[in-house]
Structures are given as C-alpha cells and as structure tokens.
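Construct the complete structure from the given sequences, taking the supplied hints into account.
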Amino acid sequence: MGFLQILTYLSGLVFVIGFAAKLLKYATMPMHVRWELYPIPHEGKEWGGSFYEEIDHWKKTRHIDHMAQYRFMVPEILFIRALHEDNRSLWYWSFPFHMGLYLCIGGLVFLGLGALVQIFGMAPENSALASLLQSLTTVFAVPGYILGTIGVVGLTVKRMTDSGLADVSAGIDFMNLIWLGLLFVTGFIVWLQDPGFLVSRAFFQSLITFGPMTEPMGAIHVVNLLLFIGFWAYFPFTHMTHMVSKYFMWDKVKWDDDPNKGDAGMDSKIKKYLAYPVTWAAAHVGAEGGKKNWADVATSNPWENKDQK
Amino acid sequence: MRPEEISKKTEQLVTINTEDLPPLPYPYENYEETPITPLKEEQKKKWEHSLDGVSALTLPKPETPEEEERLVKAFLSGLGKLMTKENNWTFLQPLMLSMEYCAKCQTCADACPAFEMSGRKDIYRPTFRADVVRKIAKKYLSKGGNILAHFRGHDIDLNWDTVARLAELSYRCTLCRRCASVCPVGVDNGLMNHELRKIFSQEMGIAGPEIHEKGSVKHLKFGSSTGMTTAAVADIIEYLEDDIEEKTGKKIKIPLNKKGAEILLIHNAGEFMAWPENPMAFAILFDAAGIDYTLSTELAGYDAVNYGLWYDDVQFARVALKHLEIARDLGVKKIVIGECGHAHKALSVIADRLLPGAQMIPRESSYTLLNEIVKSGKIKFDPSKNDFPVTLHDPCNVVRLMGIVKPQREVLNAIFPPGRFREMEPHGVENYCCGGGSGFAIMSSGNFPDWKRLVSGRKKLSQILNAFQGEMDPSIRKMVCAPCSNCKGQIRDMLESYEVFEKTGIWYTGMVELMVNAMVDQKKPFLEWPGDEDDDD
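Read top to bottom, the protein sequences are chains V and S. Number 298 marks the last residue of the first sequence (the working numbering); no jumps. Number 581 marks the last residue of the second sequence (the working numbering); no jumps.
Note that these hints are calculated values from the structure, not bench results. The beta carbon of each residue, even a glycine, is placed where N, CA and C say it ideally should be. Accuracy of the hints is not assured; some may be wrong.
[Said to hold, decoys possible] The calculated lysine to aspartate or glutamate pairs, modelled on EDC-like cross-linking and capped at a C-alpha distance of 16 Å, are:
#1 S:K148 <-> V:D162
#2 V:K280 <-> S:E454
#3 S:K148 <-> V:D75
#4 S:K450 <-> V:E43
#5 V:K258 <-> S:D396
#6 S:K378 <-> V:E43
#7 S:K547 <-> S:E73
#8 S:K302 <-> S:D331
#9 S:K148 <-> S:E48
#10 S:K377 <-> V:D45
#11 S:K422 <-> S:D565
#12 V:K48 <-> S:E306
#13 S:K419 <-> V:E43
#14 S:K297 <-> S:E254
#15 V:K260 <-> S:E130
#16 V:K34 <-> S:E474
#17 V:K14 <-> S:E144
#18 S:K88 <-> S:D205
[Said to hold, decoys possible] Pairwise CB distance ranges (calculated):
#19 V:K49 <-> S:P66: 42 to 48 Å
#20 V:K48 <-> S:E285: 44 to 50 Å
#21 V:P291 <-> S:K89: 29 to 35 Å
#22 V:K14 <-> S:E474: 30 to 36 Å
#23 S:P69 <-> V:K14: 47 to 53 Å
#24 S:S488 <-> V:A264: 36 to 42 Å
#25 V:G160 <-> S:Y75: 43 to 49 Å
#26 S:S186 <-> V:A264: 26 to 32 Å
#27 S:E474 <-> V:L181: 44 to 50 Å
Dropping the structure here:
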C-alpha cells in the first residue's frame, strides 16, 4: 500500500468523524421553542397557510402533505430554486458551481462502482456493465469539471467585483473557491490524459483491495488527488457543509410546526429544560448566579403587588 | 462598508440623507422629505449615537474607561451564555445554525425593507450585524480565534464603540424575518438580531425603554403596558358599553371574569385607549353571533401584548405563563387573541413549548373565529355598506410567522362588494412589515421616530400608495385594513406624517370595525373617517 492510499484513508476517516461530529452536535441540541416560517410545504397549502386557519384546529387530525414537501425539496436541492428566485445574478454562477459538484460526486460514485466490478474481473473491454459504468463516469465527471470551473470563475469574479459581496469576503472564501477550481481544472486535465479513467479506477481498486497500484500515476494526477484528499478532510470543518444546516434549519426550525399536545417525549424534554440553571446577570432576571432555574425565574414576578393602584 | 468597520473610532458611522432614499409613488414622487432631526448637543454628550446619529435606546455613554471595559466584558459574557444550552435552550439550535452557516451571498439584503429603503446603507444589511456578532464570537470565544483571524475573516476589534453601535443596530431591524424566508441555506439573520437584543437585555439590562421599563415591566406591575390597572379596565369597559349603546342602540353587557366561559378573549390593551371602537366591534360581533366568551380583569389578563417576544426570553415567559394561568383559572376552553400580531405569535407559537402539554390551553386567532362567524351566517352583512376601495396589510407575526393568510381575505371578500378589495404587492407570506414591528411602533425615544418615518415604514407606505394608484383623488375614500394594533399604530403615524388622508383619501382601520360597519342591523355607519365628527357638527 502506498503513501497516497494511506493519505486517502486518513482523509476519509477525518471526513467521516468530522461530519458525524457536526451532525451529532446539532442533533443533540435541546428542542427549541417554535420559530417556524411560512410557507411550510408539508402544510400543503399553496398560499402559505397553516393549520391555524382552521377553527378548533387542535381537535382535528393534522394532514401532513409529504409529497408537497418533496415537490419543494427536489428542485431546491438540484437547482437551488431559492437563489434562482431571489438572487438571479448570483444563481447564474452558483448553479453551475453546485451542479458541477453534484456531477463530479456522481462521477466518483460510478468510478468506484467501476473499480468494484473490475475487482470481480469485469473490465470495460470485456464487460458491458463495466463499459457502461466507464461511460457514466465520463458523462458525469467531464461536464462536472466544466460546469464547476465556470461556476468557480464566475463566483470569484462576482465576489471580487460586487461591493456587497466583496465587503463580506475574506481570504478564506477566495481560497475555498480557488481550491475547488484547481480540483475541477486538474480533474479535466487528468481526463484529457486518461479519457477512460483507467488510472483513477486502478487507484480506486487499490483502495478497495488494500493492494498495490497497477497503473503509474502522472504528476498532474497526483496533484489532483492531493487537492481532493486535502479538501475532503477540510470540508467538514467549514461552512460549506451547508447541507447540514439546510436539513436542520429547514426541517427542524423553519418547518417545525409540531404543536404541543402533551406528547410524552416533548413533555419530558420541557421538564428537563425548565430545571436548567440560569446565570443571566441582569437584575430583572433574578437568576442569583445560577441558584434559580428556568421554572423559578419564569414563574416569578418581581413587580407583582408592588405599587398596585 | 466591511463589518469590521463597526469598531472604527469616528463620531458617526453613517448618515441617512433624504436624497439617497428611494422615491415614494404618486403623489409623493417629488415630496420634500424632512430629514432626521439631529440630536441636540447635550443629548449627543449623554447618549450613544455613533451608529447613524439616531438614538432609539437613549443609551448612556460610559463615564470612565473602567466602566467601558466592564460593559465590553459583560457583552462578551452574554454572548458566551447565548451559546449554552442552560441559558439559551429556547433558541440554541437555530442560533448556532445561523452563526455557522452564512454563505455571505447577500440574498437576504434585497429582501430587507430597512436596507432597501435606507438607500441601501450597508450597516442595515441583515448580514452586517449578524456578521459582526459571528466575527466577535469566532475571534474572542473560540479556541485559536486569533490564528489567521484576518485571513479567516473575523479580525474585528471588540471595543465599547462596537458594543454601543451593536446595541443601536439591534433596534434597526423589525424582526419581520423576510431575510430568513429567502435565505438559500436557511440562515435566519432576523433571529440573530433577536438573540443580540437578548444579550443586551438579559445580561446588561439594556433595552428599548418603551418595551422594557414602560413595556413588560409595567405589564407585570400594573397589568398592562399602557399602565391601565386592573381596576381601571373594568371602568373603561363600562364606558365601552355606553358607547356601543350610543352607536348601535344595543345594550350589550361585556362579560368580565366569567368562569367556565367557552372563550377568553384577550385584546391588546392599547386598543382600549387608542382605538376603543375595536374592542367595541368585537363585543358587538360576539354578542350578535351568540359567542360564549369573557374578558379578564386579572393582572395581565386584559392585555395580550408580550413585548418579551422581541428582546427578553425571561420577560416573555413571565407574561406568557400569566396568560395561560388566567385562562386555566377561568376554566375556559380556549384563548382567542384579538387583533394584535405579536400577541398571536407570542402566545400561540413561541409559548407553545414552555409547559408540558397538559398544562397548555388551546389558543386561536380571532381572524379564524371571525371568518367562522361570517361563514356560519349567524350575522347578516350588507357589503354595499362598505362600498369603497380597500386593501389589506398582512401583519408579519400572523401571516409569514403563523401561516394565517386566507381567513382575513375571506372576511373582506364577504363584507365588501366585488372588485373593491385589492391586494398589495407582494402580499401574504411575502408581505412587507408595517415598519413598526419588534416594538418600533411604540418606541419614541430620542430621534428614533424620524428613522421609523423615513426608513422602516417607507416600504409599507409605498405599498399602500401603490395599491390605490389610479384612484388618488382625495374625494374617493379608501381604506387600509390593518388587523393588528402595532401595525395600526405605525400606519397611523405614517399616514399622519405624510398627510396621506388629506392628499389621497386613504385611511386605516381594523377588520372588526369593517365587519360591524357592514352588519345589516347596524343603522348608523360604525366606521369613522377623519373629519366625520366635524361634518356632524
């Protein structure tokens, strides 16, 4: 096993641990008070309405329209609909950038599957399945490289020239874009040198079998791989993991309209939170430096029966 | 302007010039605006104003460097507490998601009426204040925050100027959350502002005087943020009964503290003082529909407001629990919230997870109940009595933040002749705030009213004028239906400042007043237009 393989395993490990830690961090935070924002797709009301529009709503069985939610989410995830509707000039660059990423990830999946079937003796030259996987790798990866590069160039220029964006951009934002841009460009050059992804598939195969590399890897390919390995390990620690925020912020905050009807799980959480000590220092809170808990401060009225007229 | 510039040592960071503001629609396209009144020299010496020359908080300047240092430390301590589950379980998850994931795409900026109507001043971008908070947290509260801080984009100086400007800046957002509704990654910069206000209030004891000392404190002390005591409210209700008899010829007894009633109706107490025709109209409609309800004269029981919603979780919880306790003691089956937007959101939604489920009392919007009354046919309406153009303002708290969109439209369509109701654009969940949200409608300290008039209310005034283009002749009376006390207050101030009724014939009212005006058995017009009393004379 070579140095590049070991680095790839380590990078994968960092990615998995970092990403899991991030998910865990948000998943284990306390249930917050409701802070939803309409329209909520699963309410199934195209005008943005909610169950509050119905008289005695708490006596009725709530209808959750899952299909409406999927109809909203799929175009949102694939085509970044929110940006298309509300920030079109940025969407022209953000969409190819994201679509480029999706396609490259798709290409990587087909590359991995191609390597897997190759381990079982099915190579593109002797297997229709392997040949199909090879074609799909190209069909996904190459447009991915091109779209991704267009997106990176456009976003970088826009971030530099639009004063609203330039004022909030830092070196790290440009570094992230350039890093991904180099990844796309070197990926494209690798493909030009190796149109059948023979070397890449061989590398993938060595990763799966813990075996040696059977094909020599060129310099630009090594650079491409190092850029990828580095980015993979770095990614979970950046705000670019916004698919995490999107899940939590949309599903668990903006669309969390579950009313409190005495569910045992919700009740036990509320009881636990009300026992948390409070250390807010303002005098009117009366927390006494943590001697009082939420139940104490919320049920106290420091002004009651004083100066009543 | 980069967010880091908030810490710059300068007399004033930004100036609002009237010539930078977007023009208003006809007939105001060449209107000569009155600029923001500069603070007097003695006020400038006393109050922090270095953000934009405006003082909403009348925040005193620290007298010594030691006091400055203490306040800066208190701010940092509060920011730290905001990020702990013990002190902020209520909002921790949404806050931390918004802290971490802004892609700085600025999509939210174009959705923000304050930013747009200020002439696009950077400090009012939803991301500006949120980014300042993020940068402070990263640099001063995270491990290794100083390493490559400039490259990582959080090299900000935390000094008293920064804290003071942030305090004022947290009162330049109406918390309408239009920014959050367009964010492609779900970041909620409105929430960030809400949380920022909490640091100032819960840790440092700094808040808008009208929403704290004269707001939630008065509410918990006297029973109402208007200062109306429990004894006074009963007297006022007697007057309302007399007025109802005078206006309708009906003797209606408004039920008070009736145990076992079906409904506890809670108004914004400001209605009793500023717009008594609103609780009167509710009484007339509920009486005619045979609704079994009661009002309460218990402490806080007659005032649905909950100013804590905007700035302080503890004050919020204290008031919300009082409302629920009163309803429980009366044994009502549900609470119905009158025409008060933030009371809707506070009691129906935010307070929903403050107590175990068995202790909760169902809460319902008056819009929904009123629509049900119309649909039931228990009251006969004659739309020809409301034969004038009408548009509808959607209060953010009820519409975008609660999803109550249709009932008020169904009511208006039932009580107006066909073709008389026109929508503002945009409307419904995409509406614009009245400009008085998050307490602004009642905040009048320093020279803040000028900022509200010129900036936060400008978009709504534009929308109102646009809704009636083509019929601006002042002899054509036109109405804005604004079913929320806070919104009515802001819209009243805007219409009066710009003399809109005199120039265009546009006036405002609530929804119930329009309903009573259209009742078949209402002999005299219930609605009053400016100058009507003079006509009677």
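_Restraint check for K297 of chain S with E254 of chain S, where alpha carbons must lie at most 16 Å apart_ = With Cα atoms ~33 Å apart, K297 of chain S and E254 of chain S exceed 16 Å; violated.
*asked:* So if I understand the rule, the pair passes when the alpha-carbon distance is 16 Å or less; does K422 of chain S with D565 of chain S pass?
replied: holds, 12 Å
*Proposed proximity, D162 of chain V with K148 of chain S (alpha carbon, max 16 Å)*: Answer holds: K148 of chain S to D162 of chain V is near 10 Å, not above 16 Å.
*asked:* Within 36 to 42 Å: is that where the Cβ-Cβ distance between S488 of chain S and A264 of chain V falls?
replied: Hint holds: Cβ distance 40 Å, inside 36 to 42 Å.
_K302 of chain S and D331 of chain S were given as a pair; does the straight-line alpha-carbon distance stay at or below 16 Å?_
holds, 15 Å
*Look at the Cβ atoms of S186 of chain S and A264 of chain V and judge whether their distance stays inside 26 to 32 Å.*
holds, 28 Å
*asked:* Given the hinted pair K14 of chain V and E144 of chain S, is their Cα-Cα distance within 16 Å?
replied: holds, 12 Å
*When you check the alpha-carbon spacing of K148 of chain S and E48 of chain S, does it fall within 16 Å?*
holds, 15 Å
*Does the alpha-carbon distance linking K148 of chain S and D75 of chain V stay inside the 16 Å limit?*
Roughly 14 Å separates the two Cα atoms, so the pair holds.
*Mind checking the hinted window 44 to 50 Å against the Cβ distance between K48 of chain V and E285 of chain S?*
violated, 33 Å
*Restraint status (C-alpha distance of K450 of chain S to E43 of chain V at most 16 Å)*: holds, 10 Å
*So does G160 of chain V sit 43 to 49 Å from Y75 of chain S, Cβ to Cβ?*
With a Cβ separation near 45 Å, G160 of chain V and Y75 of chain S satisfy 43 to 49 Å, so the hint holds.
Violated hints for the displayed structure, listed by number in ascending order: 2, 14 and 20.
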